[in-house]
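Taken in order, these protein sequences are the chains called B and P.
Each residue of the first sequence is one higher than the one before, starting from 7 at the first, in the numbering used here.
Each residue of the second sequence is one higher than the one before, starting from 416 at the first, in the numbering used here.
Take these hints with a grain of salt, some might be off.
[Unchecked claim] The calculated lysine to any residue pairs, modelled on SDA-like cross-linking and capped at a C-alpha distance of 20 Å, are: (1) P/LYS479 / B/PRO205; (2) P/LYS437 / B/PRO205; (3) P/LYS506 / B/LYS50; (4) P/LYS468 / P/LEU422; (5) P/LYS506 / B/GLU130; (6) P/LYS609 / P/ASP418; (7) B/LYS50 / B/ILE86; (8) B/LYS294 / B/HIS324; (9) P/LYS479 / B/LEU128; (10) P/LYS479 / P/MET464; (11) P/LYS479 / B/GLU127; (12) P/LYS437 / B/ILE86; (13) P/LYS437 / B/GLU66; (14) P/LYS468 / P/THR420; (15) P/LYS567 / P/TYR439.
I should point out that these hints are in silico values taken from the structure, not numbers from a laboratory.
Note that the coordinates shown come from a computational prediction; the quantities given were computed from them, not determined experimentally.
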Amino acid sequence: MKKIINAVADIVPEMVSGLVKSYPQLVAQLPNTQAIGRRDAAFKAGHQVGLVSGGGSGHEPLHLGYVGLGMLSAAVAGQINTSPTPDQIYAAIRYADHGAGVLLIVKNYAGDVMNFAMAQELAEYDDIQVKAITVDDDVAFDATDTQGRRGVAGTILVEKICGAAAEAGASLDELAALGQAVIDHTKTIGIALTAATVPGVDHPGFELQADEMEYGVGIHNERGYATEKMAPSATIAAHLEDKILGNFDLQTTDEFAVVVNGLGATPLMEQYVFANDVLADLAKRDVKVTFTKVGNLVTAIDMHGVSLTLCQLQDNWHTLLNAPANTIAW
Amino acid sequence: MLDETLLFKWMTEFDHQIQTDKAYLSGLDAEIGDGDHGDNMARGMSAVMHTFKTPNQSVAEQLKAIAFALISKVGGAAGPLYGSAFLRMSKAAVDTQQLDQLIQIGADAIADRGGANFGDKTMLDVWAYVPAMLEHHTLSSAGLAQLAAHTKPMQAKKGRASYLGERSVGHLDPGAVSSQELFQALLKAQSALKTSPNQALKNGTD
Numbered sequence: 007m008k009k010i011i012n013a014v015a016d017i018v019p020e021m022v023s024g025l026v027k028s029y030p031q032l033v034a035q036l037p038n039t040q041a042i043g044r045r046d047a048a049f050k051a052g053h054q055v056g057l058v059s060g061g062g063s064g065h066e067p068l069h070l071g072y073v074g075l076g077m078l079s080a081a082v083a084g085q086i087n088t089s090p091t092p093d094q095i096y097a098a099i100r101y102a103d104h105g106a107g108v109l110l111i112v113k114n115y116a117g118d119v120m121n122f123a124m125a126q127e128l129a130e131y132d133d134i135q136v137k138a139i140t141v142d143d144d145v146a147f148d149a150t151d152t153q154g155r156r157g158v159a160g161t162i163l164v165e166k167i168c169g170a171a172a173e174a175g176a177s178l179d180e181l182a183a184l185g186q187a188v189i190d191h192t193k194t195i196g197i198a199l200t201a202a203t204v205p206g207v208d209h210p211g212f213e214l215q216a217d218e219m220e221y222g223v224g225i226h227n228e229r230g231y232a233t234e235k236m237a238p239s240a241t242i243a244a245h246l247e248d249k250i251l252g253n254f255d256l257q258t259t260d261e262f263a264v265v266v267n268g269l270g271a272t273p274l275m276e277q278y279v280f281a282n283d284v285l286a287d288l289a290k291r292d293v294k295v296t297f298t299k300v301g302n303l304v305t306a307i308d309m310h311g312v313s314l315t316l317c318q319l320q321d322n323w324h325t326l327l328n329a330p331a332n333t334i335a336w
Numbered sequence: 416m417l418d419e420t421l422l423f424k425w426m427t428e429f430d431h432q433i434q435t436d437k438a439y440l441s442g443l444d445a446e447i448g449d450g451d452h453g454d455n456m457a458r459g460m461s462a463v464m465h466t467f468k469t470p471n472q473s474v475a476e477q478l479k480a481i482a483f484a485l486i487s488k489v490g491g492a493a494g495p496l497y498g499s500a501f502l503r504m505s506k507a508a509v510d511t512q513q514l515d516q517l518i519q520i521g522a523d524a525i526a527d528r529g530g531a532n533f534g535d536k537t538m539l540d541v542w543a544y545v546p547a548m549l550e551h552h553t554l555s556s557a558g559l560a561q562l563a564a565h566t567k568p569m570q571a572k573k574g575r576a577s578y579l580g581e582r583s584v585g586h587l588d589p590g591a592v593s594s595q596e597l598f599q600a601l602l603k604a605q606s607a608l609k610t611s612p613n614q615a616l617k618n619g620t621d
């Protein structure tokens, strides 16, 4: 498998280096880490609660691309598909703290949860107030008998809504409660036509025939709940909506945010075709959509596929979603 | 008794085994996880061996240095799990150097950090049984291999493999296999020191 790289072991440090060199006005690398922090004037002058996220690499622009005004204060890049280590997360927490505390936004994977918990313990020794919320928006599987549901594309809505609220002066407790509420009202499912090829491994993570697709995939090449014959975009959209909407307690007054997310190797052309079907089908179901985002937002290296996220908007979330953000990728 | 000499020999043997089996362990992980357990452990054990360059460390200090090397270099789930085990053992080693007690404390740390139960197809399925085997002098290489082999028919309830559900059945848990190697390395270190008169004299028995 061809990749534009130098050496597999150098991918993450070179990616982080390339990213900060490309956007020096927005972010800087924290010394001796693969973490970056925002460096805008509002952050330097501010007393806002810090927001820190991170995880294994391979999901770009998540999380590095969402560091900046109105979103994350700092983010940490682990090895590919591998959680960053506590010392690195701790460095990001220290950078993000202005004395008002730090909220950790953690995707629900065993490694991430444990490494962030250890970093939180380290920071608490230093009397930094830290709270953590765990994103588990993937409804492809039930939570029983597993690690729990996985954190996937819905993570960016948590980062955006909490980021806007932090910028507006919300407290650490308020942000933790807000973030948890967003998680509770956000559901995602992904599909793949081709699995990702992890650098250093010369074949896709799982095999699909030319006429097959997989429903319910994760963002680390985890297989889903069903392998089916390839179907038209409209059929895929209707299936995913059935499955996702079944996880909500629907009200007639509901308003939704929709995220159509490319998993890395899906042309935007296909993503907009799929978004067109999603929005048409939701309209047919009388589901009101007031915010939409389409693009490669939370990827799985070079997986060909999409995920669909619905967020049942509450309170002022719509305003927070539309609040200004100055990051590489929002 | 865990003294400085045994700890060094134990980690040397474990490092050797991990570096030798790096591809095998990553291959096991590729079947039900993300395929990097061997590489992550190899990176961590290289860092662990580096900590022995600091002279005159007590067992507690050395265990702590090992813990921090594992925590900061392994990553994933294995880093905090192995790291937590050695960190808690380091705290306990101030009061006791009884191996069975220390390993029990390590196993408890792993259970607390990961929240796993016995039979969830994790490294705990090896660690949990080792203290009693040490206490009753029944720890053997074959027994350890059997403990790891017992994870094969289990369905994973923790970690990335848990999403495979029934499809996780029929595969060895990579963390259980690296744990098997950890304690096999302990056996090798103990027997090497017993057959080496100078060191045996220095270390007494066990």
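Quick rundown of the hints versus the structure:
For the hint linking P/LYS479 to B/PRO205, the alpha-carbon distance of about 34 Å lies beyond 20 Å, and the restraint is violated. Distance restraint check for P/LYS437 and B/PRO205: the Cα-Cα separation of roughly 17 Å lies within the 20 Å cut-off, and the hinted pair is therefore satisfied. Using a Cα cut-off of 20 Å, the hinted pair P/LYS506 and B/LYS50 is violated, with the two alpha carbons roughly 39 Å apart. For the given pair, P/LYS468 sits about 14 Å from P/LEU422 by alpha-carbon distance, which is consistent with the 20 Å threshold.
Restraint check for P/LYS506 and B/GLU130: satisfied, since their Cα atoms lie roughly 19 Å apart, inside the 20 Å limit. For the given pair, P/LYS609 sits about 14 Å from P/ASP418 by alpha-carbon distance, which is consistent with the 20 Å threshold. Proposed proximity of B/LYS50 and B/ILE86 is contradicted: the alpha carbons are some 31 Å apart, above 20 Å. About 13 Å separates the Cα atoms of B/LYS294 and B/HIS324, which keeps this hinted pair within 20 Å; it holds.
A hinted pair counts as satisfied when its Cα atoms are at most 20 Å apart, and P/LYS479 with B/LEU128 qualifies at roughly 15 Å. Between P/LYS479 and P/MET464 the CA atoms are separated by roughly 13 Å; this keeps the pair inside 20 Å, and the hint holds. As the CA atoms of P/LYS479 and B/GLU127 are separated by approximately 16 Å, the hinted pair is consistent with the 20 Å bound. A threshold of 20 Å between alpha carbons decides the hint, and for P/LYS437 with B/ILE86 the separation of about 17 Å falls inside it, so the pair holds.
Among the hinted pairs, P/LYS437 with B/GLU66 is inconsistent with the structure: their alpha-carbon atoms are about 28 Å apart, more than 20 Å. A threshold of 20 Å between alpha carbons decides the hint, and for P/LYS468 with P/THR420 the separation of about 14 Å falls inside it, so the pair holds. The straight-line distance between the Cα atoms of P/LYS567 and P/TYR439 is roughly 16 Å, inside the 20 Å bound, and the hint therefore holds.
Violation of the numbered hints given earlier is confined to hints 1, 3, 7, 13; the remaining hints are satisfied by the structure.
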